[in-house]
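**Q** So the chains spell out like this:
There are 2 protein chains.
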Amino acid sequence: MIITSLENEKIKKLLKLQKKKYRDLEDMYYVEGFHLVEEAYKAGVLLEVFQVDEEVFFDVSTTLVSDGIMKKLATTDTPTNIIGVCRKRHYDKIEGNHILLLDEIQDPGNLGTIIRSAVAFGVDMILLSENTVDLYNSKVLRATQGLYCHIPIMNVVAKESILSLKKNGYVICGTDVLKGKDLYTIDKSDLTKYCLIMGNEGNGVRTEIKNMCDVNFYIPMKNLVESLNVGVACSILLYELGR
Amino acid sequence: MIITSLENEKIKKLLKLQKKKYRDLEDMYYVEGFHLVEEAYKAGVLLEVFQVDEEVFFDVSTTLVSDGIMKKLATTDTPTNIIGVCRKRHYDKIEGNHILLLDEIQDPGNLGTIIRSAVAFGVDMILLSENTVDLYNSKVLRATQGLYCHIPIMNVVAKESILSLKKNGYVICGTDVLKGKDLYTIDKSDLTKYCLIMGNEGNGVRTEIKNMCDVNFYIPMKNLVESLNVGVACSILLYELGR
Numbered sequence: 001m002i003i004t005s006l007e008n009e010k011i012k013k014l015l016k017l018q019k020k021k022y023r024d025l026e027d028m029y030y031v032e033g034f035h036l037v038e039e040a041y042k043a044g045v046l047l048e049v050f051q052v053d054e055e056v057f058f059d060v061s062t063t064l065v066s067d068g069i070m071k072k073l074a075t076t077d078t079p080t081n082i083i084g085v086c087r088k089r090h091y092d093k094i095e096g097n098h099i100l101l102l103d104e105i106q107d108p109g110n111l112g113t114i115i116r117s118a119v120a121f122g123v124d125m126i127l128l129s130e131n132t133v134d135l136y137n138s139k140v141l142r143a144t145q146g147l148y149c150h151i152p153i154m155n156v157v158a159k160e161s162i163l164s165l166k167k168n169g170y171v172i173c174g175t176d177v178l179k180g181k182d183l184y185t186i187d188k189s190d191l192t193k194y195c196l197i198m199g200n201e202g203n204g205v206r207t208e209i210k211n212m213c214d215v216n217f218y219i220p221m222k223n224l225v226e227s228l229n230v231g232v233a234c235s236i237l238l239y240e241l242g243r
Numbered sequence: 001m002i003i004t005s006l007e008n009e010k011i012k013k014l015l016k017l018q019k020k021k022y023r024d025l026e027d028m029y030y031v032e033g034f035h036l037v038e039e040a041y042k043a044g045v046l047l048e049v050f051q052v053d054e055e056v057f058f059d060v061s062t063t064l065v066s067d068g069i070m071k072k073l074a075t076t077d078t079p080t081n082i083i084g085v086c087r088k089r090h091y092d093k094i095e096g097n098h099i100l101l102l103d104e105i106q107d108p109g110n111l112g113t114i115i116r117s118a119v120a121f122g123v124d125m126i127l128l129s130e131n132t133v134d135l136y137n138s139k140v141l142r143a144t145q146g147l148y149c150h151i152p153i154m155n156v157v158a159k160e161s162i163l164s165l166k167k168n169g170y171v172i173c174g175t176d177v178l179k180g181k182d183l184y185t186i187d188k189s190d191l192t193k194y195c196l197i198m199g200n201e202g203n204g205v206r207t208e209i210k211n212m213c214d215v216n217f218y219i220p221m222k223n224l225v226e227s228l229n230v231g232v233a234c235s236i237l238l239y240e241l242g243r
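For the record, the sequence lines run as chains R and F. Under the numbering used here, residue 243 is the last one in the first sequence; the count climbs by one each step, no gaps. Under the numbering used here, residue 243 is the last one in the second sequence; the count climbs by one each step, no gaps.
In isolation and in its complexed conformation, chain R is listed as follows:
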C-alpha cells in the first residue's frame, strides 16, 4: 500500500509536526534525508519512516508514500526520498564538566553550526535558554548534520541553571569585547569545570545573565569589527578552551 492522499490521517499528523506546538504536544519531530534518518536510528530515537522507495532500510515501521506526498512533507525545495519520525530525548540533570549555555539564539543555522562545533570540541552538554530557537526546527536539525544526536541538549530557564551550576563549582564564562580577558592568554587551569554562555545574535547575552558571569573573554582581533558571527565566536572559544 502506498499513501497518495494528503487526507490520510498519518500524513495529516505528520504535517502538524512542522509546527513547534505540535512537536511539543506529541513529543515527536521528523527529520528529512537518509543521513539524518540514519543518525536518528543509530541514536535509538527513530520511531518510523515514510519513504518513496520500496527497499526497507531501517527495522522500524515503514510506510510508502507518493512523490507528491513527499514533496508536501519536505521543508526544503529539493525533497528527499525518506523522512524519519523521531521521539524527543529528555534530560533532567546537568552532567559533565564542559557546559555550553545558549541564551536566546534565534537563527536556526547558527544553532546548528554551534551544535556541530560543540560536539567537535568536546562540550559535554548544551543548555538552551527560554526563547532560543526550537532544536527540532527542520533548519536547525539540517544544519547540525545529525550531530544533535551526539550530545545531550536540554531546555532550561537560564538564570536557574546558572545558579545551580555556580553552587556546583562551575566557572561561569561570558564574553565582553571591552573588558574581557584576551583569549590568546587565558589560564585554563582554573577552567576544569565551566559553563560558557553565548548570547543572542543582535543583543548578545541579556544583562541579568551577563552579571552572573565569573569571567569574561574577548577574542583578539586585528581590526575591531562590531561582532563576529555568533557561531564563529562560540566555535573559536570552544576551540581555545579545548586546547
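Heads up, none of these hints are tricks.
Which copy is meant is left open, so a pair is good if it fits within one copy or across any two.
Keeping only pairs whose Cα atoms sit at most 25 Å apart, straight-line, the calculated DMTMM-like set for lysine to aspartate or glutamate is: (1) Lys-222 x Glu-38; (2) Lys-210 x Asp-124; (3) Lys-222 x Asp-190; (4) Lys-222 x Glu-95; (5) Lys-222 x Asp-182; (6) Lys-222 x Asp-124; (7) Lys-88 x Glu-226; (8) Lys-139 x Asp-107; (9) Lys-188 x Glu-240; (10) Lys-19 x Asp-77; (11) Lys-16 x Asp-134; (12) Lys-12 x Glu-26; (13) Lys-21 x Asp-77; (14) Lys-16 x Asp-77; (15) Lys-42 x Glu-226; (16) Lys-88 x Glu-130; (17) Lys-167 x Asp-187.
By construction, these hints were calculated from the structure, which means they are not laboratory data. Since the structure is predicted, the reported quantities are computational estimates derived from the model, not experimental observations.
Dock chain F against the given chain R, drawing on the hints supplied.
**A** Chain F alone, transformed into the frame defined by chain R:
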C-alpha cells in the same frame, strides 16, 4: 515627486539588479537598510539612494518611492526604508601578506560570515574562485554586515592566482583532516606571507587546487565530526594564524 509605479524606468532597472547577470552588465548592485547604505557611502561606492522618508541622509541623488515599491525592491520579508545603489569595486593585483582564497563557496551566509572574520583577523585580501557565490548577492551583502567594504575582494581563476602567489613567495595553505598539521602546534614563523585556501561546503577544496598546497592544517577536535561548518573552520584558522 514620489515613484509609485513599477513601470517607472528607474525602478525597472533597479529590479533587474537582483540578478547577477545585470549586476555584471551594469557593474552595479544595491544594498538594503540604513547600515549597509551608510557603509557603502563611507566606502565611496554609493551612487544613489531610493527611500521612503523625505529626510535626506546622504549627499547623493535621492529618489522617493512608495512603501509598495520598497516592498518590491526588498529581498527580505521585512522591507527596509532605504536602498542604496552602488558601483562595484575592482582590483587587478594581489596585495598584502595575508591572502584568503575561497574555492567554490556556495552558501551566501557562509561567504558573509567569512568576510566578517577575515576583516576581524587581519586578512589583507580575499580572492573568490570561479563558481563561488556572487559577492553582490543580497544575502551575502547582508551577512557581511557591511564589512565587505573594509577589505579588497577580487574574483580570480584559482589555479592562475595560486601559481602567481607561489612565484611571489607565498606559502599556500590548505586543510587536511587526515594528514594536516595540528593547528595547535604550527610554527607561524614560516608563514609571514601566506594564502589560505578554503573549499566548497560539500566537497572541500578541488583536488587540483589541493595538490598545489605547500602545507595543510588540521583543526584538532575532541570528537571527530565529519566536518565543521566552513565559516567556522575558516575563522578558527584565521584566528590561529593571527595569533
